[in-house]
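Visitor: Given next are the chains, with one letter for each unit.
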Amino acid sequence: MFHLDKLPGALPDEKLIGLYRRHPITIFGLILTFFFVLVLPLGIFRTDYLANQQFMALLIMFGGLFFLFVVMFLYQQFLDYWLDMWIVTTQRIINIEQNGLFGRTTSELRLYRIQDVTAKVAGFVQSMLDFGMVYVQTAGEKEYFNFEDVPHPNLISKQILELAELDRKEHLEAALEEAAEETSAASKEAAREKMARHIEP
Amino acid sequence: MIPFIYFLIAWLVLLLLFLAAATVSILQMMRYGLAHPLTHASTAFLVLLTAVVVLGTLGYLSGLDLKAGFDLNGLFSAPSLTPTL
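Note that the protein sequences, when read in sequence, are chains V and X.
So the first sequence is numbered by numbering that gives the first Met the number 0: it starts at 0 and just counts up by one.
So the second sequence is numbered by numbering that gives the first Met the number 0: it starts at 0 and just counts up by one.
Bear in mind the hints are in silico, worked out from the structure with no lab data behind them.
Be a bit skeptical, because a hint or two may be false.
[Stated by the list, open to error] Here are a few chain V residues that face chain X, going by a calculated C-beta distance under 7 Å:
{"no.": "1", "residue": "0"}
{"no.": "2", "residue": "39"}
{"no.": "3", "residue": "43"}
{"no.": "4", "residue": "58"}
{"no.": "5", "residue": "59"}
{"no.": "6", "residue": "62"}
{"no.": "7", "residue": "69"}
{"no.": "8", "residue": "72"}
{"no.": "9", "residue": "75"}
{"no.": "10", "residue": "77"}
{"no.": "11", "residue": "82"}
{"no.": "12", "residue": "86"}
{"no.": "13", "residue": "87"}
[As the list claims (entries may be wrong)] Chain X is faced by these chain V residues, among others (derived, beta-carbon under 7 Å):
{"no.": "14", "residue": "1"}
{"no.": "15", "residue": "49"}
{"no.": "16", "residue": "53"}
{"no.": "17", "residue": "65"}
{"no.": "18", "residue": "71"}
{"no.": "19", "residue": "78"}
{"no.": "20", "residue": "98"}
{"no.": "21", "residue": "99"}
{"no.": "22", "residue": "102"}
From the three backbone atoms N, C-alpha and C, an ideal C-beta is built for every residue, glycine too.
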């Protein structure tokens, strides 16, 4: 099982900022369908059936099985919803997508590589319930990183931008220090070679 | 007349299919699901519901004569099942 305090491939000093999923309203239609399918057999049910014991036995056997299959279908749809998540930490964004029962894609993006973040809320339902898309644009090969139907997309985009800015600063400082160390090491090496050439007869 | 045991075999085959699919789904949930009360609650709900339905059905079937035949014609030609205009 996946624990938030043990993130996959955790980086040093990495802290969890937030975990986002699609808004629960996105599976509301599915739950309605589930109840409709569950009630559907009642449409052809008659009290006369109860008088026939053999038919009653078949009804219990296959009716129960039908009910179980419908519940399992709902469970699988919930699994698909529940295992899709976007995790934002102080250093990266992790996107975990579940496609059906067996398809699973995990990708991550370092915050300092983010170039632009866009929040999009479109339509009446999305506006009323405040959920929508967050597009994260990077400089890498994969241009977009999308948060689908997440609640409060404007807040999330603002948060990601701030975190990216912080991470970029830290990354820049680290890169500058590294570059300075490399430069000083290279200049020391060059000086050492020059000295050696002078000493040589 | 169709022996009732045939229906029982068909039910068992479908039940096995259901159990296989449910087991795979639960394993996926337990493997990749987030450690969260809702993950455990939804899985427990599926397991308990399955146990109740299967045990209830088996309990009902234990009181039936499985050697008896099932008359489909008799059922559908019963006056109570003819449409009333």
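Visitor: Now, for every hint given, state plainly whether the structure supports it.
Guide: Against the structure, the hints:
no.	hint	in the structure
1	0	holds (5 Å)
2	39	violated (18 Å)
3	43	violated (11 Å)
4	58	violated (10 Å)
5	59	holds (5 Å)
6	62	violated (9 Å)
7	69	violated (11 Å)
8	72	violated (9 Å)
9	75	holds (5 Å)
10	77	holds (6 Å)
11	82	holds (5 Å)
12	86	violated (10 Å)
13	87	violated (15 Å)
14	1	holds (5 Å)
15	49	violated (11 Å)
16	53	holds (5 Å)
17	65	violated (9 Å)
18	71	holds (5 Å)
19	78	holds (5 Å)
20	98	violated (12 Å)
21	99	violated (10 Å)
22	102	violated (11 Å)
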